[in-house]
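**Q** Line by line, the protein sequences are chains B and R. In this text, residue positions in the first sequence follow the numbering used here: the first is 130, and each later residue adds one. In this text, residue positions in the second sequence follow the numbering used here: the first is 130, and each later residue adds one.
Please keep in mind that the hints were generated in silico from the structure rather than gathered at the bench. Where is the CB? At the ideal position from N, CA and C, for every residue including glycine. Heads up, some of the hints might be wrong.
[To be verified] Here chain B is said to cover these stretches of chain R; the calculated rule only asks that three of the stretch's residues, wherever they fall, bring their Cβ under 8 Å from a Cβ of chain B:
hint, segment
1, 155-161
2, 238-249
3, 288-299
4, 305-315
[Unchecked claim] The list that follows gives simulated cross-link-like pairs (lysine to any residue, SDA-like), each with its CA atoms no further than 20 Å apart:
hint, chain 1, residue 1, chain 2, residue 2
5, B, K145, R, E204
6, B, K145, R, A182
7, B, K145, R, G199
Number of protein chains: 2
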Amino acid sequence: MGPFYVVLLHHPVYDKRGEVVATAVTNMDVHDLARIGKTYGVRGVFIAHPTRALRLLVEKIIAHWSIGFGAQYNETRREALALVHTVIDLDAALLEVERDAGERPILVASSARGKAGRLSFRDFRERLSGSPAPHLLILGTGWGLTPQILERADLVLEPIRGVGEYNHLPVRAAAAIMLDRLLGERVD
Amino acid sequence: MGPFYVVLLHHPVYDKRGEVVATAVTNMDVHDLARIGKTYGVRGVFIAHPTRALRLLVEKIIAHWSIGFGAQYNETRREALALVHTVIDLDAALLEVERDAGERPILVASSARGKAGRLSFRDFRERLSGSPAPHLLILGTGWGLTPQILERADLVLEPIRGVGEYNHLPVRAAAAIMLDRLLGERVD
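Excised from the complex, chain B in its bound form:
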């Protein structure tokens, strides 16, 4: 398979009232996506935020654990955070991936809402293992990605279904499950 990248978008996403917003950066998202990405061999994790101050906050978190005391104190954190980069938006993430992989990645959006034509995990997993192309998985914060982003994606992944109707996983947990389903060892 080709290199796999993840971008976490903080804008444009919905809030609980259905308005398009920029959400705040969550420290735990950065750490968890880094560790999850590192576990599953992801080549890069992009934290996309339109506000410079919040990108700088993420960069400060990364630097804290990459240099000096932090790097010595917790090496597994440093290793994981080395995957993380900040970008202003999806286009900037695309450019970074293109620069790293040498070609434009296939854009795969995720959504907690089911709809006809969504790509199944099984099919995406097969597709990945048989393709040398780079792929960029787009995750949304808040109450999910807007149609503007879904329409730009080459593929939209089916939602994670649990046991009942409840589909409000934290994006960190959804990312862990998605990467395990797509890139992890198979359990059956």
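Given chain B's structure and the hints, the job is docking chain R onto it.
**A** Same frame as chain B, now just chain R:
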């Protein structure tokens, strides 16, 4: 299958130096385990901590989102947190499960360290689907459960393996992956 429960132990667990400690409660663990548990039909999530002040903190978090403004503000959070209970230790969780399920649960520990005799996810999944017995999955914070806990368990689950050697998933992410592998729809 029978009812499934999860307990997150903050003691006895290892710290990074290999000493047995009680770790601090992480707000995000409570929220994420609640949402993950709710998604996968878990019957109860226990947060075990030996320190009363930290159990009270967890209860305050739950109450904040269960009563009054919080409950109205975010209903999906309230629904998920309704699964969560605090206990002093593993024995107290066992008692609660026994009271709820009517019999002593089968204790299943998880560990990031591989070793002979670990139960595979596939076998545990099959076992669960064919058994009416209650099961209690034990998760450890910090650097993992001590042998004292692993020896008490009826079964110890194999570690989650990613793509390389890195095995430092946040317990929240490990829980999401485990429940998806054990209780989720199958992707292949």
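**Q** With reference to the structure, classify each hint as holding or not holding.
**A** Going through the hints against the structure:
no.	hint	result
1	155-161	holds (count 3)
2	238-249	violated (count 1)
3	288-299	holds (count 10)
4	305-315	holds (count 8)
5	B:K145 / R:E204	holds, 10 Å
6	B:K145 / R:A182	violated, 33 Å
7	B:K145 / R:G199	holds, 14 Å
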